[in-house]
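S.K.: Taken in sequence, the protein lines are chains A and B.
Using numbering that gives the first Met the number 0, the letters of the first sequence correspond one by one to residues 0 to 208.
Using numbering that gives the first Met the number 0, the letters of the second sequence correspond one by one to residues 0 to 113.
Calculated directly from the structure, the hints in this document are not laboratory data.
Glycine included, C-beta positions come from ideal geometry on N, C-alpha and C.
Where hints are given, some of them may not hold.
Claimed, not checked - Computed Cβ-Cβ distance ranges for the label pairs, DEER-style:
id : chain 1 : residue 1 : chain 2 : residue 2 : range
1  : A       : Ile105    : B       : Tyr29     : 29 to 35 Å
2  : B       : Trp35     : A       : Gly168    : 46 to 52 Å
3  : B       : Gly33     : A       : Asp172    : 27 to 33 Å
4  : A       : Gly122    : B       : Met67     : 45 to 51 Å
Below, each chain spelled out in residue letters.
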Amino acid sequence: MITLPVAPQFSTEIQQHRAATLGMWVFLATELMFFGPLFLGYGYGRLHLSDAFAAGSRETDVVLGTVNTGILLTSSFFVANAVDALERGAHRFAAIMLHAAIALGIAFLAIKGIEYSNDWQEGLFPGAGSALPKGEQYFFLLYFAMTGLHAAHLIIGIAILLAFAVALGRVADPVSLSARLRVAGLYWHFVDAVWIFLYPILYLVERSG
Amino acid sequence: MKHRKPPVRRNAVILAVLLLLLAASVGSAYLRLGVWNSAANLTIAAVKALLVAVFFMHLRDASALVRMTAAVALFMLAVLFGLSATDYRNRADDPAPWQMPRQLSGAQWGQSSW
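Using the sequences plus the hints, can you model the full thing?
M.R.: Dropping the structure here:
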């Protein structure tokens, strides 16, 4: 068993670890409430303006969206490996896995940036000067708000993983970071899970029609 | 301390299933299934999210308290969606009475009659 410094408010290391895990899950619950209204707004539009939402969705880039989904799922695999490896003492392998996840996170953002640039040039950005019908503008308002909020979370996630990747190479006892990395991993996987739902509702609506 | 082997193989199996589900998701989207397209896609998304939560987020061996926290979060979101949906279900799609006539003339939301 790895011994961690136990903060004064906890009696045991296990209690400290459980409190940290619970705290992160409670934070993720609030994050769910943060993303929730956008999903509700989407549900309203999908039910009330279904033709406009189908037309809007067909304007998105399904190839880049699908590639990005695969990238994010794979990054979660690397983060899960990093967490499991560090708990077993394999800190070098954990660092490699973290760097791989960071690289994929940056690749995701780069592809999203290319998509945004294309969307902008195709005149999909909603607003006063937009030539799109109002219903499609509503779809693209949600598209940019949801993917933008997701990207902001991903940037924070990349920064956190980067901090761990650097720390693993510098601290005397890298394994002492394992409980914290586990909590950081929860955040990364949550951001991945949000994208899992964004992908079908933004990219795959009525593709067969 | 002896190093135990990290469960890379198990994680790789989960990743393979996730990528297969992604392929099923994009493939089914191009079949003419009507409303079942959305049903299939949302079900696949839910299964993918569940796999991530249970295996990658370690809900499988989490304490009852943590599992309850995750369940309560989803339950609360469902309650809030339900309450809001009853409002939208029973609200007429009319423009607000204080809008200017000039605004109303331009307020055509797609095919809907706002």
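S.K.: Report the numbers of all earlier hints that the structure fails to satisfy, in ascending order.
M.R.: 3
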